[in-house]
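The primary structure of each chain is shown beneath.
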Amino acid sequence: MPAPTIQLQDTVFGHLGTPIVGPVNLTISPGDKLLLEGPSGCGKTSLLRGILGFLNKLQGSYQIDNEEISPPAIWHLRQQAGYISQELQLGTGSVRDWLKESLPPTREMHETDLSRFQLTKAVLEQSLEDLSRGERQRLAVIAMLAREPQLYLLDEVTSALNESLRNLVVSHIARTEATVLVVSHDAIWKGCEAFRSYALPVTS
Amino acid sequence: MKGAPDISWLALASCFLLLLIPLAVTAKLRLGLTRDLLVAVCRMTLQLILAGFYLGYLFKWNHPGMNLAWLAVMLVAASGSVLYNSALRWSTFIIPAFLALALATLGIVLYLNAFVVRLENLFEARYLIVLGGMLLGNCLSANIISASRFYQAIDHNRSAYESRLGNGAPLNVALRPYMKESLTAALRPGIAAMMTMGLVSLPGMMTGQMLGGSDPGVAIKYQIAIMIAIFTCTTLSISLFLLFTRRVCFDPQGNLRTHLVLKPK
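Residue numbers (numbering that gives the first Met the number 0), protein chains in the order written: chain S, 0 to 203; chain G, 0 to 264.
Hints in this document: simulated from the structure, not taken from any laboratory. All of these numbers come straight from a predicted model, not from anything done at the bench. There is no bait here: all hints are sound.
Each computed DSSO-like pair below joins lysine-lysine, with the alpha-carbon atoms no more than 30 Å apart:
no.: 1; chain 1: G; residue 1: Lys262; chain 2: S; residue 2: Lys56
no.: 2; chain 1: G; residue 1: Lys179; chain 2: S; residue 2: Lys99
no.: 3; chain 1: G; residue 1: Lys262; chain 2: G; residue 2: Lys179
no.: 4; chain 1: S; residue 1: Lys120; chain 2: G; residue 2: Lys179
no.: 5; chain 1: G; residue 1: Lys264; chain 2: G; residue 2: Lys179
no.: 6; chain 1: S; residue 1: Lys56; chain 2: G; residue 2: Lys264
no.: 7; chain 1: S; residue 1: Lys56; chain 2: S; residue 2: Lys32
Derived, one-sided and incomplete: chain S residues facing chain G with beta-carbon distance under 10 Å:
no.: 8; residue: Leu54
no.: 9; residue: Ile73
no.: 10; residue: Trp74
no.: 11; residue: Ser84
no.: 12; residue: Gln85
no.: 13; residue: Glu86
no.: 14; residue: Glu100
no.: 15; residue: Pro103
no.: 16; residue: Ala139
no.: 17; residue: Pro148
We treat Cβ as the ideally placed atom computed from N, Cα and C, and that holds for glycine.
Go ahead and model the full structure; you've got the sequences and the hints to work with.
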């Protein structure tokens with residue numbers, strides 16, 4: 000299934016009638032790799048949440064593959080998406096259970112998945128609450144990559160990784176054919192040729 | 000069956016003398032509970048006198064419609080108090096709470112009456128109202144705990160919830176951890192109670208029956224039946240409650256409608 004085309008025209012996303020981000024004008028074609036930029040509070044995170052349907056469209060148009068957005072289209076988009084939020088809450092319970100639920104049903108957890116991200120099997124026996132921020136971030140990335148999403152929505156996904164892991168994540172994502180939207184203060188993304196910048200307009 | 004010997008009103012009044020002990024303790028330690036304690040004792044006494052009064056009439060008339068109507072009154076009071084003591088919004092939850100408690104309680108009581116006690120009249124006041132009231136009273140706190148926990152957990156962990164949805168989880172999969180958390184919290188006390196039943200605690204219903212002159216061998220059978228019924232009724236009412244409220248509490252995109260669900264802070 001190819002990545003979707005996303006078109007935002009004068010789109011304002013918000014919650015209960017209160018606008019939070021926008022108006023945004025942006026067309027994202029399959030395979031596009033965008034680095035969202037703008038000062039803190041301009042709504043970069045909210046734009047990702049709006050695209051995923053966690054905020055409602057209040058004004059303008061939001062189309063996926065030339066069709067105006069609808070709840071079924073949102074659920075379909077989420078199935079193609081890989082989303083990591085900056086808050087990195089994974090929930091509670093054991094790492095093993097979390098991974099089992101987060102990985103696609105056909106995909107088993109391999110030891111190499113963990114070792115590639117400098118984790119050992121021991122992490123599986125821990126509970127999510129006991130993990131450091133960095134460990135949670137690596138687990139979230141492992142589960143997301145295993146799903147091979149068509150659309151990546153990444154919010155500060157390298158914030159708690161060391162340099163070699165940051166390079167690993169960025170080069171992997173840059174090489175995929177998937178569409179990628181990145182919000183990050185990490186200069187490594189800006190230095191990556193595959194990405195073009197999109198400056199989010201500042202709203203009052 | 001010979002009943003328990005009556006207690007004269009004067010003799011009962013002497014029981015109130017015992018309250019001097021808790022009153023002395025609260026006063027000495029300045030717990031600030033004196034007023035609440037006195038109000039609670041008065042309310043308990045008046046409410047039970049009233050209950051004795053209306054139960055006497057209900058047992059005498061023993062009209063199926065009347066009995067069901069009384070059960071409905073208890074259900075309204077129960078669902079109202081579930082919500083009053085929770086973080087949940089009255090207007091969104093009152094009807095689902097009533098329906099969930101009604102279906103669970105009525106279903107279980109009728110099952111008990113039909114297959115366990117084997118009554119000829121399934122709507123017999125002595126069983127319908129007494130057993131129904133007992134089930135309701137015991138399901139209540141579990142319902143409060145579980146429903147508020149469920150919706151609060153999603154609200155507090157919004158980002159974890161969105162992460163699950165944003166990585167393609169269908170609604171029921173994304174809700175699973177919160178379902179699990181709220182049901183375990185609600186059901187655990189019931190399991191703990193069954194673990195120690197008869198060892199640490201002699202349950203009220205069984206004690207009451209024995210005081211009333213029942214053979215302990217009969218009393219324990221009723222107690223076993225009621226324990227199983229309470230646990231099943233709790234599980235059933237919570238599951239139905241969450242099921243009935245899901246459609247209203249989440250929008251078609253799976254987002255929690257916090258403004259409809261939780262009372263404003």
